[in-house]
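Listed in order, the protein sequences are those of chains A and B.
All residue numbers for the first sequence refer to our numbering, where the first residue is 4 and numbers rise by one.
All residue numbers for the second sequence refer to our numbering, where the first residue is 4 and numbers rise by one.
Just so you know, the hints here were simulated from the structure itself, not pulled from any lab data.
The list treats identical chains as one, so a pair stands whether inside a single copy or across any two.
Capping the alpha-carbon separation at 20 Å, the derived lysine to aspartate or glutamate pairs in DMTMM-like fashion look like this: (1) Lys152 to Asp72; (2) Lys63 to Asp86; (3) Lys478 to Glu526; (4) Lys376 to Glu482.
Note that the structure is a prediction, hence the values are computed from the model and not measured.
Protein chains: 2
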Amino acid sequence: MSGSKKTAQASLEAMYRVFTVAEAPDSALSRIDQLISRNLAGFLQDHIVATEKDLSEVEKDFADPNIPDKPMFVSEQAQFLLDKLVANSVHTASPSFVGHMTSALPYFMLPLSKIMIALNQNLVKTETSKAFTPLERQVLGMLHRLVYKKDGGFYRARMHDAHHALGAMTSGGTLANITALWVARNHAFPAEGSFRGIHREGLFRALRYYGHEGAAILVSRRGHYSLRKAADVLGLGRDALIAVDTDEDNRILEDDLRNKCLELQRQRIRILAIVGIAGTTETGHVDPLDTLADVAREFNAHFHVDAAWGGPTLFSRQYAPLLRGIEQADSVTFDAHKQLYVPMGAGLVLFKDPTLVRAIEHHAQYIIRKGSKDLGSTTLEGSRPGMAMLIHSGLRIIGREGYELLINQGIEKACAFADMIDQHSHFELISKPELNILTYRFAPPDALQALSQADQRQREKINAHLNRITKFLQKTQRERGKAFVSRTRLEPPRYDSYPCVVFRVVLANPLTTLGILNEILREQQALAGEPAIESEMTALKRTVDEVLNASAGAS
Amino acid sequence: MSGSKKTAQASLEAMYRVFTVAEAPDSALSRIDQLISRNLAGFLQDHIVATEKDLSEVEKDFADPNIPDKPMFVSEQAQFLLDKLVANSVHTASPSFVGHMTSALPYFMLPLSKIMIALNQNLVKTETSKAFTPLERQVLGMLHRLVYKKDGGFYRARMHDAHHALGAMTSGGTLANITALWVARNHAFPAEGSFRGIHREGLFRALRYYGHEGAAILVSRRGHYSLRKAADVLGLGRDALIAVDTDEDNRILEDDLRNKCLELQRQRIRILAIVGIAGTTETGHVDPLDTLADVAREFNAHFHVDAAWGGPTLFSRQYAPLLRGIEQADSVTFDAHKQLYVPMGAGLVLFKDPTLVRAIEHHAQYIIRKGSKDLGSTTLEGSRPGMAMLIHSGLRIIGREGYELLINQGIEKACAFADMIDQHSHFELISKPELNILTYRFAPPDALQALSQADQRQREKINAHLNRITKFLQKTQRERGKAFVSRTRLEPPRYDSYPCVVFRVVLANPLTTLGILNEILREQQALAGEPAIESEMTALKRTVDEVLNASAGAS
Numbered sequence: 004m005s006g007s008k009k010t011a012q013a014s015l016e017a018m019y020r021v022f023t024v025a026e027a028p029d030s031a032l033s034r035i036d037q038l039i040s041r042n043l044a045g046f047l048q049d050h051i052v053a054t055e056k057d058l059s060e061v062e063k064d065f066a067d068p069n070i071p072d073k074p075m076f077v078s079e080q081a082q083f084l085l086d087k088l089v090a091n092s093v094h095t096a097s098p099s100f101v102g103h104m105t106s107a108l109p110y111f112m113l114p115l116s117k118i119m120i121a122l123n124q125n126l127v128k129t130e131t132s133k134a135f136t137p138l139e140r141q142v143l144g145m146l147h148r149l150v151y152k153k154d155g156g157f158y159r160a161r162m163h164d165a166h167h168a169l170g171a172m173t174s175g176g177t178l179a180n181i182t183a184l185w186v187a188r189n190h191a192f193p194a195e196g197s198f199r200g201i202h203r204e205g206l207f208r209a210l211r212y213y214g215h216e217g218a219a220i221l222v223s224r225r226g227h228y229s230l231r232k233a234a235d236v237l238g239l240g241r242d243a244l245i246a247v248d249t250d251e252d253n254r255i256l257e258d259d260l261r262n263k264c265l266e267l268q269r270q271r272i273r274i275l276a277i278v279g280i281a282g283t284t285e286t287g288h289v290d291p292l293d294t295l296a297d298v299a300r301e302f303n304a305h306f307h308v309d310a311a312w313g314g315p316t317l318f319s320r321q322y323a324p325l326l327r328g329i330e331q332a333d334s335v336t337f338d339a340h341k342q343l344y345v346p347m348g349a350g351l352v353l354f355k356d357p358t359l360v361r362a363i364e365h366h367a368q369y370i371i372r373k374g375s376k377d378l379g380s381t382t383l384e385g386s387r388p389g390m391a392m393l394i395h396s397g398l399r400i401i402g403r404e405g406y407e408l409l410i411n412q413g414i415e416k417a418c419a420f421a422d423m424i425d426q427h428s429h430f431e432l433i434s435k436p437e438l439n440i441l442t443y444r445f446a447p448p449d450a451l452q453a454l455s456q457a458d459q460r461q462r463e464k465i466n467a468h469l470n471r472i473t474k475f476l477q478k479t480q481r482e483r484g485k486a487f488v489s490r491t492r493l494e495p496p497r498y499d500s501y502p503c504v505v506f507r508v509v510l511a512n513p514l515t516t517l518g519i520l521n522e523i524l525r526e527q528q529a530l531a532g533e534p535a536i537e538s539e540m541t542a543l544k545r546t547v548d549e550v551l552n553a554s555a556g557a558s
Numbered sequence: 004m005s006g007s008k009k010t011a012q013a014s015l016e017a018m019y020r021v022f023t024v025a026e027a028p029d030s031a032l033s034r035i036d037q038l039i040s041r042n043l044a045g046f047l048q049d050h051i052v053a054t055e056k057d058l059s060e061v062e063k064d065f066a067d068p069n070i071p072d073k074p075m076f077v078s079e080q081a082q083f084l085l086d087k088l089v090a091n092s093v094h095t096a097s098p099s100f101v102g103h104m105t106s107a108l109p110y111f112m113l114p115l116s117k118i119m120i121a122l123n124q125n126l127v128k129t130e131t132s133k134a135f136t137p138l139e140r141q142v143l144g145m146l147h148r149l150v151y152k153k154d155g156g157f158y159r160a161r162m163h164d165a166h167h168a169l170g171a172m173t174s175g176g177t178l179a180n181i182t183a184l185w186v187a188r189n190h191a192f193p194a195e196g197s198f199r200g201i202h203r204e205g206l207f208r209a210l211r212y213y214g215h216e217g218a219a220i221l222v223s224r225r226g227h228y229s230l231r232k233a234a235d236v237l238g239l240g241r242d243a244l245i246a247v248d249t250d251e252d253n254r255i256l257e258d259d260l261r262n263k264c265l266e267l268q269r270q271r272i273r274i275l276a277i278v279g280i281a282g283t284t285e286t287g288h289v290d291p292l293d294t295l296a297d298v299a300r301e302f303n304a305h306f307h308v309d310a311a312w313g314g315p316t317l318f319s320r321q322y323a324p325l326l327r328g329i330e331q332a333d334s335v336t337f338d339a340h341k342q343l344y345v346p347m348g349a350g351l352v353l354f355k356d357p358t359l360v361r362a363i364e365h366h367a368q369y370i371i372r373k374g375s376k377d378l379g380s381t382t383l384e385g386s387r388p389g390m391a392m393l394i395h396s397g398l399r400i401i402g403r404e405g406y407e408l409l410i411n412q413g414i415e416k417a418c419a420f421a422d423m424i425d426q427h428s429h430f431e432l433i434s435k436p437e438l439n440i441l442t443y444r445f446a447p448p449d450a451l452q453a454l455s456q457a458d459q460r461q462r463e464k465i466n467a468h469l470n471r472i473t474k475f476l477q478k479t480q481r482e483r484g485k486a487f488v489s490r491t492r493l494e495p496p497r498y499d500s501y502p503c504v505v506f507r508v509v510l511a512n513p514l515t516t517l518g519i520l521n522e523i524l525r526e527q528q529a530l531a532g533e534p535a536i537e538s539e540m541t542a543l544k545r546t547v548d549e550v551l552n553a554s555a556g557a558s
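Using the sequences and the accompanying hints, generate a full structural model.
What follows is the structure in structure tokens.
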């Protein structure tokens, strides 16, 4: 054997070892592994640096576009990840990080995820997933029953049947919404006469054949941005997503919806789908779903409910009635990585009629053959991991009653926090919680008084000041690293629909206490006294005084 | 406190514990966790049952559509999963399972995945991912450079820039292909004059405005089925995916492609994209990419390369030239969960021009605001896990040279196995390996002789017999559980393009040896002697004898 051949052989054997050996029990990576198993919360607390580093600083550690030629020791990469990645990641599990929809995970999700990854199944077909396919079909069945409450016979006949699909698993709510609207679109333009169906001939010929000038989807202005993305991807165009006005509580206005539908009909635009929201992303409100079901029927439209956030409210006997009408939806989006407390990357869409997905069914020679039970024939994705295993485990280990407790405590905490804000002199509640989300903003007492007396121009001026202050407070609080609320813009009718910057709080983490929430308000109020925002505060005060003095002079 | 309130309080506290405590070190789940860490291969070997259980039997364990009311002990669920799910899953890591594209994982992927899941970041925005966003941008940069080899300045200016995206991460190759073609479609119909762009006005108005009768995508008949799905989702219709004929080696025929393009032009159909394949799913062949680049330029079409399988061939100095021309592609699909050896759920698409994704860029108020570095503004998915961390680790720990060894050994093993089949009396090689995939079928010596002497009708008859036998052997071998090859249908020109059932072998697992492959052939030959296939073998012999006797009589 020549020298270079010997070296190549040695390297190859080293490479094989990577696939066969295990990490030594005392290695850096093993120690991290064990630490996470023993004490997840402690690991996160100890390794994530609280104070936020500027992103451009962080980028310096990830600046090299070269793939190294030579292998690196596992321990070296592990240490790099701990110091540079983990340290500068976001503590999504922290009870004082109430700004996003990612919460703490139940501890058992970690070892179960390890089993899932160790098995490395591919759910596209039974040949690479075997028992995972029946398990995934069962998970879809369990959630289907939670929403649609069909009888036992319905599920016995369909849950494991090759010609039915109670739903489709996706990597998240966006793909679930796209899948639902893809089904709706294809269903609206079926094969007929000389037309072979939109799935084969496309949208252009479909509209020509059926004599339409376009196709539209309607949703309230609080609809998730993924719906706009769906309209683009599906070839309808983003303008085909029609935003309907909402009331003071961010719920779709039936009259505006009906008028828009009639207007579209006059323009010979096909109404593909009406989308109801069960838990708007920004404010957590629920549309009047039963009313929407009626309107959808009236206009022969697919009725989709985006329950990515609010779906699990159905676990709660007390609050499930908020979603009344969801059982009339043709399709429903659920996100498992939100309120089912599963790790990132698990969503799904359910179909009332399990033959509906035939509108998007596809086959290939080597997999997902016709008549197989392969789930890949009715999903947007191809190869997919076995996340259904984690949903299955959550549903069984936490159980309906466990999820009920989680849902109830979140809603009740949101109500208590809303009261706290209402009673606070320096904050204004902008959207009242219906589920476990609320929004508020910084507003000192004289500003609120001035707003109630000001004319529209003055109101805008005050709101513009408050916007800049609220934005500063949110950003600064995040950077300090003790707590995190997110921010968005809403257009409250009480302020002439002027876009107001608000703090957004999502109360899904059961470890968040009222004490923590009180501390968040205290820190925000303290930050309002910092020099960096002083000139803005002075400007606000001037505007407020003008209004109040003019008002006092006039009276 | 009343009794029921006390109970509720106790339950709530139990629920909190699920989010705070760790698994006891001696619990069932902890023991599995440790076992996987210590000996992954042993865990899989011990817990997956070799002999295949009928799917309808497995379904019985997943038949209940009810979510249990009461919580279940974690240990009970863990035991259930071990006995019912893990036992009946597929041993994708086994070196004798060479039928699919899912291989064994390097051991370090498991503890690293645990860190990823523990952190539970959401890559849609920096606010919920922080350092993961620069890391993901770096991973895209590393693979971009592997393909496009731009200079350092190119990456310094663009890799971390909010207005550029070198690519987009996805959950797999299907979404990567859809994303690429979505970009191509939107790019073909930009805003102009009174037209606000297809992304806003949709396909119907785009075609009308630009005066086209339709839009098409061309790919060889070996193109992955996800491209047909993409054509459907994007509103073009599946018939808009035009299948081009291939040569004996499953490579696209340039003349046929050019003729089809000219024909489409005559019909005023816009050619959106030409797709080249770097490693066809069924046979592992590579299209002449440089030729395709020329044709795409000629017809002003987007040039996309689906390198989901073959992309990592670029790591090998010896074999990278097979992909010559890939650097001219406007977009390239890579699958990380294939030959980058990352767990299921990681794909990506790269863009030569990092401004191209602006065609699909979208924003929202509360996240992915304009000017942010949030990666969610240019991805099809919304919330996404931090899989980029695992790709990053693979690229650094295995290194270019490590991946080169893996690629080289796979291709060389495929060549050696092809020789073995060629020399074997009872098998016929159907597609020669170019990368590490090959196909073959069962064909006893007299059958091959008869095929060479038969007329077309007789050839079909013999091939039909061989199809049934090969199908039986594949299915039975899988059920016995010792080895697994997959099967598909190909239309070899030498057999008048008659659809032939073939065994398909993918040699990505470095632990697969020639001895194992030899054993696979031995078992297949032995299975051909089983009673269940005896009548088919007899029928084949009769047909073969007819041909050979007639031939002998004629000579």
